[in-house]
Amino acid sequence: MRLTHSVASALLLLCAGAAQAATSWGFDEGVIQVVPKKAGEVIKERTPLAKPVTLGATDTLKLSLTAKDNGIGKRPHQAFLLLQESNLGVEAPFPLTVKESGKATVQITQKDLPVQLLAAEEPLKASIVLASFGSAQGYNGQVFEIKVELDPNLPPPTREAPVRYGKKPLIFHKFNPDPKSPPKVVSIFFALAVIACLPVLLISWLFLGANIKHLPKALSAAPVSHAVFFGSIVAMEGVFFMYYTSWNLFQTLPVIAAVAVVTVLSGTKALGEVQSRRLAGDRY
Amino acid sequence: MRPLRSLLACLFAAGVSALSTSGNRLLVIMDDVSEKESYSQFLGDLESLSYLPCRGFQLSFESPKSESLSLFHLGERTYDHLLFFPTKTKGLGPNLTPNLLVDFVNAKGNILVTLSSGTTAPTSLISLLNELDIQLPADRTGLVVDHFNYDASSSPDTHDVLVLPAPFPVRPDVKDFFSGADVSSPSEKVLAFPRGVGATLGNGPLLAPILRAPRTAYSYNPKEQKETVDDLFAAGEQLALVATFQARNSARVTLVGSAEMLQDKWFDAEVKTKEGKATKTFNREFAKRVSGWTFNEIGVLRVNWIEHRLDEPGAPNNVSNPKIYRVKNDVKYTISLSEYSWTAWQPFTLPPDSDEIQLEFSMLSPFHRLALAPDASLSSDTATAYSVRFKVPDRHGIFNFRVSYKRPFLSNVEEKNTVSVRHIGHDEWPRSWAISGAWPWMSGIGVTVVGWLAFCVIWMFSAPVGPKVEVGKKTQ
Numbered sequence: 001m002r003l004t005h006s007v008a009s010a011l012l013l014l015c016a017g018a019a020q021a022a023t024s025w026g027f028d029e030g031v032i033q034v035v036p037k038k039a040g041e042v043i044k045e046r047t048p049l050a051k052p053v054t055l056g057a058t059d060t061l062k063l064s065l066t067a068k069d070n071g072i073g074k075r076p077h078q079a080f081l082l083l084q085e086s087n088l089g090v091e092a093p094f095p096l097t098v099k100e101s102g103k104a105t106v107q108i109t110q111k112d113l114p115v116q117l118l119a120a121e122e123p124l125k126a127s128i129v130l131a132s133f134g135s136a137q138g139y140n141g142q143v144f145e146i147k148v149e150l151d152p153n154l155p156p157p158t159r160e161a162p163v164r165y166g167k168k169p170l171i172f173h174k175f176n177p178d179p180k181s182p183p184k185v186v187s188i189f190f191a192l193a194v195i196a197c198l199p200v201l202l203i204s205w206l207f208l209g210a211n212i213k214h215l216p217k218a219l220s221a222a223p224v225s226h227a228v229f230f231g232s233i234v235a236m237e238g239v240f241f242m243y244y245t246s247w248n249l250f251q252t253l254p255v256i257a258a259v260a261v262v263t264v265l266s267g268t269k270a271l272g273e274v275q276s277r278r279l280a281g282d283r284y
Numbered sequence: 001m002r003p004l005r006s007l008l009a010c011l012f013a014a015g016v017s018a019l020s021t022s023g024n025r026l027l028v029i030m031d032d033v034s035e036k037e038s039y040s041q042f043l044g045d046l047e048s049l050s051y052l053p054c055r056g057f058q059l060s061f062e063s064p065k066s067e068s069l070s071l072f073h074l075g076e077r078t079y080d081h082l083l084f085f086p087t088k089t090k091g092l093g094p095n096l097t098p099n100l101l102v103d104f105v106n107a108k109g110n111i112l113v114t115l116s117s118g119t120t121a122p123t124s125l126i127s128l129l130n131e132l133d134i135q136l137p138a139d140r141t142g143l144v145v146d147h148f149n150y151d152a153s154s155s156p157d158t159h160d161v162l163v164l165p166a167p168f169p170v171r172p173d174v175k176d177f178f179s180g181a182d183v184s185s186p187s188e189k190v191l192a193f194p195r196g197v198g199a200t201l202g203n204g205p206l207l208a209p210i211l212r213a214p215r216t217a218y219s220y221n222p223k224e225q226k227e228t229v230d231d232l233f234a235a236g237e238q239l240a241l242v243a244t245f246q247a248r249n250s251a252r253v254t255l256v257g258s259a260e261m262l263q264d265k266w267f268d269a270e271v272k273t274k275e276g277k278a279t280k281t282f283n284r285e286f287a288k289r290v291s292g293w294t295f296n297e298i299g300v301l302r303v304n305w306i307e308h309r310l311d312e313p314g315a316p317n318n319v320s321n322p323k324i325y326r327v328k329n330d331v332k333y334t335i336s337l338s339e340y341s342w343t344a345w346q347p348f349t350l351p352p353d354s355d356e357i358q359l360e361f362s363m364l365s366p367f368h369r370l371a372l373a374p375d376a377s378l379s380s381d382t383a384t385a386y387s388v389r390f391k392v393p394d395r396h397g398i399f400n401f402r403v404s405y406k407r408p409f410l411s412n413v414e415e416k417n418t419v420s421v422r423h424i425g426h427d428e429w430p431r432s433w434a435i436s437g438a439w440p441w442m443s444g445i446g447v448t449v450v451g452w453l454a455f456c457v458i459w460m461f462s463a464p465v466g467p468k469v470e471v472g473k474k475t476q
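Chain order of the listed sequences is A and B.
First residue of the first sequence: 1, per UniProt numbering; consecutive thereafter.
First residue of the second sequence: 1, per UniProt numbering; consecutive thereafter.
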C-alpha cells in the first residue's frame with residue numbers, strides 16, 4: 001500500500017514537474033447579481049470591478065462562475081469567496097456550491113455576515129479562491145468590493161471588543177482643591193480695621209468720663225485681694241493663650257480650675273470692697 | 001567558561017530538583033511504547049542533561065489502558081506534566097476522564113495535547129478542550145490543507161504538509177517566545193505542519209493561539225468531503241494550529257494540531273516551498289519552545305518582594321510596608337519581578353514601548369492606576385525592581401495596592417496588599433496664624449481680650465463723674 005502510494009506520488013511528482021508551469025485554476029462566466037435590482041455585472045479574473053457592489057438590508061447577493069482548470073470546466077476542492085474587512089483584517093469564508101462541470105454559485109445576505117463585517121466602515125474586499133489537489137496552480141484574486149448598506153430603521157450593529165489581557169488606561173486621582181485664602185492685603189486691611197476699634201472704644205470711654213480715680217482707695221482698703229483678683233483674670237487669659245498655642249485640653253483644665261479657685265476667693269474680697277464703696281455712696 | 005559553568009550548575013540543579021519551575025515528573029500517554037522511537041529526538045530533548053539548555057524531565061510512559069495509571073495519589077498530583085500523543089482508543093479509560101484532567105489543571109498540572117488527522121481524537125480530550133472553549137471539527141477528525149503554502153517535496157499532490165513561517169506575536173505588547181528571531185539570525189524560520197488538525201478558539205482572554213493557519217488554508221473531513229467542501233468547519237486565520245490555554249492558576253494546556261511535526265523525520269527536515277526554495281525546518285527548536293512553555297520552563301514570572309513606604313522628607317528610613325497611611329501622603333511602591341528562562345531566574349523586562357506593569361491603588365474601584373518604571377538601584381542580576389511614587393488620594397478608608405499583570409504567554413501576577421488610609425488628625429492641620437484669611441478673626445479675639453481687661457479695670461476703679469447721689473434713692 002505504502003509502496004504503491006509512494007510510487008504514485010513519485011509519478012505525480014514527475015507529471016507535476018512537467019505540467020506545473022502549464023496548468024492553473026481560473027474562472028469564466030463570472031456574474032454578480034444583487035437580486036431585487038436584477039442588474040448582473042460580469043466579473044473577470046484579472047480585472048477587479050471599479051465600483052463596489054451595494055448589498056442592501058433585504059438584498060441577496062448571487063455570485064455564479066464556472067471554475068476552470070486550464071480552460072476546461074472542472075470541480076475544484078476549494079472554491080471560496082473570502083470577504084475581508086480592511087480595518088481589522090477579519091475575514092469570513094463562504095464556500096461556493098460547485099457542480100462537476102465547474103459551475104459554482106453562492107448566495108449571501110446580510111444575515112450571513114458576521115457583525116465585524118456588517119459594522120465595517122469601508123467596503124468589504126471580496127476575493128475568490130479556487131484551488132485543488134495536484135499540481136495545478138491555485139487562483140486567489142480580489143475581484144470586487146461589497147458595500148454593505150444597513151437598514152436605517154434598525155439600530156446599527158455594535159461590535160463588542162473581546163476581552164484581552166493587556167495594559168489598561170491610566171487613572172490619576174483628582175484631588176479636591178486646597179482651601180484658599182483671600183489676598184493678604186484684604187486680610188490685613190480688615191485685621192487693622194478690627195484692631196482700630198479698640199482705641200475708638202477706649203477713647204470714647206474717656207470722653208464719657210471713664211477714669212481710675214478710685215484705684216488708690218481700693219488698693220489701700222484691700223491691696224492683696226485686688227492685686228490677686230486682677231492678676232487671676234489676666235492669668236486666665238494666659239491659660240487660654242497657652243491652650244491655643246501648645247497645651248492640650250487635659251493640661252488646660254486643671255490650671256483653669258486652680259486659677260478659678262483663686263479668682264473666686266480673691267474676687268469675693270475685692271468685689272466686697274467695690275460694694276462697700278457703693279454702699280458708702282462713692283459710686284453708683 | 002560561562003556555558004561550562006552553567007552546564008555544571010544545571011547538572012547540579014537536576015540532581016537536586018527539577019529545572020522546570022513546577023517539577024520534572026512528566027507522564028507521556030501513548031498507545032504503545034514502541035511509538036516513542038519516532039519521537040526519540042523530541043523526547044530525548046526533554047530528558048537531556050548533557051547539552052544546553054538541559055531540561056531533565058523524568059519521563060514515564062503509560063498506555064491509556066494501563067490499570068496502574070493514576071494522576072493523583074492521596075489527593076496529591078503524581079505527575080507535574082502530561083503529554084498526550086495520538087491514541088487509537090475512542091476514550092481514554094477511567095483514569096483519564098475529562099473530570100480528572102480538569103482536576104489536574106486545577107491542581108496546577110500542565111498538559112500538552114498533540115493530535116493527528118490520521119487518528120480520531122479521544123472523546124476525553126475533546127471534552128477537555130471543549131471545557132476550555134477550544135473546538136475541534138465535528139466528527140473528531142479533520143485535515144488542514146493549503147493549496148498555496150505546502151511542502152512541494154513531500155506533499156506535491158495532497159498539499160497536507162503546510163509550510164509556515166515561525167509565528168511572531170500578533171500584538172506588539174506580547175513577548176516573543178516562539179519565532180526564534182534574534183539579532184544573530186534575523187532570517188525567517190520555516191515550520192512544517194504535516195497532516196494536522198485545526199481548532200477554533202473561543203473569545204476568552206485565557207486562550208491564545210501560537211500558530212495560526214494562513215489565509216488560504218482550510219479544514220475538511222477527508223472521509224466525507226473528498227470531492228468538494230460544502231460545509232466548512234473553519235478556514236484561514238480562524239484556524240489555530242497550535243493553541244494555548246493558561247488557567248487563572250497559571251496552569252498551562254497546549255494543543256498541537258499535528259503530532260507528526262514533533263517526529264524525528266520533521267526535525268531538521270528540508271521542505272520546499274512553491275517557489276522551489278529548499279529550507280531546513282525550525283520544528284525541533286519550535287517543539288522545544290512549545291513544550292518548554294507548556295511545562296513552565298519559559299514565561300514564568302515570580303514576585304520576589306514588594307515594598308511600600310512613606311516617601312516624605314523626615315520619614316523614618318527603616319520602616320517599610322506600614323499598615324497605615326494618611327490621606328495625601330507621598331508613597332513609594334516597589335515590586336521585584338523575575339522571569340524564568342530555561343535554567344535560571346532572570347530580570348524580567350517588558351517588551352519595549354508597548355507594555356507596562358500597572359499599580360492600582362483601589363478601594364472598591366481603582367483611584368490611581370499608574371505605570372511602574374524599572375528602578376535600577378533596587379534591581380539585581382536576577383530581578384528587576386519596578387517602582388512608582390504617588391500621592392495617596394484624599395479619601396480615607398481601606399485601600400489595596402494591587403498589581404494584576406496578566407499577559408498572553410506569561411504566568412499571572414496578582415498581588416494585593418491592604419493598608420488603611422486615615423484622615424488628617426486635628427493637630428496636623430496648618431495653624432491658624434499661618435492662614436492669612438484667619439487674621440481678622442484673630443485680631444478680633446485680641447481686641448476682645450484687651451477690651452475685657454480694660455473694662456474690668458474701669459468698672460472696678462472708675463470714680464463717678466457728676467454730682468454725688470444718695471444711695472437707695474433713685475433720681476426722678
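Keep in mind the hints are simulated off the structure, nothing from the lab.
Warning: the hint list may mix true and false statements.
[Unchecked claim] With a straight-line cut-off of 30 Å between C-alpha atoms, the simulated DSBU-like cross-links for lysine-lysine are:
1. B:Lys223 / A:Lys68
2. B:Lys223 / B:Lys88
3. B:Lys416 / A:Lys174
4. A:Lys147 / A:Lys99
5. B:Lys272 / A:Lys168
6. A:Lys99 / B:Lys88
7. A:Lys167 / B:Lys272
8. B:Lys277 / A:Lys68
9. A:Lys180 / B:Lys332
10. A:Lys168 / B:Lys226
11. B:Lys328 / A:Lys74
[To be verified] Among chain A residues calculated to face chain B with C-beta under 7 Å, some are:
12. Gly134
13. Gly166
14. Lys167
15. Trp247
16. Leu249
17. Phe250
18. Gly272
19. Val274
20. Ser276
[Unchecked claim] Which stretches of chain A does chain B cover? Using the computed rule of at least three CB atoms under 8 Å from a CB of chain B, they are:
21. 27–35
22. 93–101
23. 153–162
24. 258–270
Virtual Cβ for every residue (Gly too), placed ideally from N, Cα, C.
Each hint tested on the structure:
1. B:Lys223 / A:Lys68: Measuring from Cα to Cα gives roughly 25 Å; hence the hint holds.
2. B:Lys223 / B:Lys88: holds, 17 Å
3. B:Lys416 / A:Lys174: holds, 23 Å
4. A:Lys147 / A:Lys99: holds, 29 Å
5. B:Lys272 / A:Lys168: With a Cα-Cα distance of about 44 Å, the restraint between Lys272 of chain B and Lys168 of chain A is violated, given a limit of 30 Å.
6. A:Lys99 / B:Lys88: The hint is violated at about 36 Å.
7. A:Lys167 / B:Lys272: violated, 41 Å
8. B:Lys277 / A:Lys68: holds, 28 Å
9. A:Lys180 / B:Lys332: Holds - the C-alpha atoms of Lys332 of chain B and Lys180 of chain A are around 28 Å apart, at most 30 Å.
10. A:Lys168 / B:Lys226: This hinted pair is violated, its Cα atoms lying about 48 Å apart.
11. B:Lys328 / A:Lys74: Violated: Lys328 of chain B and Lys74 of chain A sit about 78 Å apart, past 30 Å.
12. Gly134: Hint holds; Gly134 of chain A Cβ to chain B Cβ min 6 Å, cut 7 Å.
13. Gly166: holds, 6 Å
14. Lys167: holds, 5 Å
15. Trp247: Because about 12 Å separates Trp247 of chain A from the closest Cβ in chain B, which is outside the 7 Å limit, the hint is violated.
16. Leu249: violated, 11 Å
17. Phe250: Interface hint status for Phe250 of chain A: violated (14 Å vs cutoff 7 Å).
18. Gly272: Interface hint status for Gly272 of chain A: violated (12 Å vs cutoff 7 Å).
19. Val274: holds, 6 Å
20. Ser276: violated, 12 Å
21. 27–35: violated (count 0)
22. 93–101: That given contact holds, which follows from 4 residues of the stretch 93–101 of chain A lying within Cβ reach (below 8 Å) of chain B.
23. 153–162: violated (count 1)
24. 258–270: n = 1 at 8 Å, threshold three: violated.
Checked against the numbered hints given earlier, the structure breaks hints 5, 6, 7, 10, 11, 15, 16, 17, 18, 20, 21, 23, 24 and satisfies all the rest.
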